[in-house]
Structure formats: structure tokens, C-alpha cells
Amino acid sequence: MSAVDLRTILADPDHGGAYFIDERDADAMAQTAASLDFAVMRVDLSGCEDKAGLMSRLATAGGFPDGFGANWDALSDVLRDMSWRTAPGYVWLIENAAPWREAHATDFDTFLEILNEAAFEWAHADVAFWALLPFPGDQLTALEN
1 MSAVDLRTIL ADPDHGGAYF IDERDADAMA QTAASLDFAV MRVDLSGCED KAGLMSRLAT
61 AGGFPDGFGA NWDALSDVLR DMSWRTAPGY VWLIENAAPW REAHATDFDT FLEILNEAAF
121 EWAHADVAFW ALLPFPGDQL TALEN
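Heads up: the sequence shown runs through residues 1 to 145, numbered per full-length UniProt numbering.
No lab work stands behind these hints: they were computed from the structure. Check the hints yourself; a few may be wrong.
[Said to hold, decoys possible] Listed next, with one range per pair, are the computed distances between beta-carbon atoms:
1) ALA125 to TYR19: 31 to 39 angstroms
2) ASP27 to GLY63: 17 to 25 angstroms
3) ALA28 to ALA52: 16 to 24 angstroms
4) ALA52 to ILE9: 29 to 37 angstroms
The model shown is predicted, which means the values in this text are computed figures rather than measured ones. Ideal placement from N, C-alpha and C gives every residue a C-beta, glycine not left out.
Model the full assembly from the supplied sequences, consistent with the hints where possible.
Pasting the structure below:
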């Protein structure tokens, strides 16, 4: 895929959402998003042990406002607002998520649902919102099943 195609795809709010991508594409996606002046938030889940750790890492990467409640409802609220970090689009790179997904399957599904709901809300405002979850290429096929 060419850089022009990737720019076109990322700039389209109607295609935003949570997607599993090949980890080899993560840097290119981040660079392309940055070239569009999107806010790019990288979250590394290496060693993340629980939901509290996930919330903490998201809050740090996103610069969430003081008073962030660190629960699913609060996460949903901040991801659909982002008024403290205005940008023409948003890209979250949730890296090293495979072990966290395996250890916390139900919470992982809730997390994906919240990310997709945020993307849907942002699309109504004509703003692209992406949550990209890089996984090793050999694991992507298993994720699709």
C-alpha cells in the first residue's frame, strides 16, 4: 500500500475504528497519521497486569484530564470528547496487547467495544478516530476467526 493510499484511508472518518494490524506496519501508520497532523498516542501494554494498569497507561498516553475516573464509563467519555487535545484526527497505537488480551479476554472485548463506539461518535463529527492494535503477522489470522 502506498503512502498516499494510507493517508487517504486514515483521513476518512467513516473507516475509523479498532483494527488489528501487522506489527510491521505500526511505525508507518504512526508516521502517516503524524503527517496528517493527527494526535498519535502510543500505548505499550508490555507488563500491563490488569485493567487499572491499562487505564493508567491510556491516561498517560492521552494526557487525560485530572479526575479521570479510570473505569470503562470514564474511558468512554474521554475518548469521545478529547477537547483537551484538539486535532483533526486521532490514532491510538495499542502495542504489545497480545498478552493482555489473553489474560483479560472479557476486558479486552469491552475495551474494543469502547474504542469502536468512540470512532463511530467521531465519524459523526467528521473526525477520524483509529485504534490500531499491532500484532505479529502470524497471529492476525487467528484474530479474524
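Quick rundown of the hints versus the structure:
1. ALA125 to TYR19: 31 to 39 angstroms: Violated - the Cβ-Cβ distance for ALA125 and TYR19, about 20 angstroms, lies outside 31 to 39 angstroms.
2. ASP27 to GLY63: 17 to 25 angstroms: Once the Cβ atoms are compared, 22 angstroms apart, the range 17 to 25 angstroms for GLY63 and ASP27 holds.
3. ALA28 to ALA52: 16 to 24 angstroms: Since ALA28 and ALA52 have Cβ atoms about 32 angstroms apart, the given range 16 to 24 angstroms is violated.
4. ALA52 to ILE9: 29 to 37 angstroms: Once the Cβ atoms are compared, 34 angstroms apart, the range 29 to 37 angstroms for ILE9 and ALA52 holds.
The structure fails to meet hints 1 and 3 from the earlier list, while all remaining hints are met.
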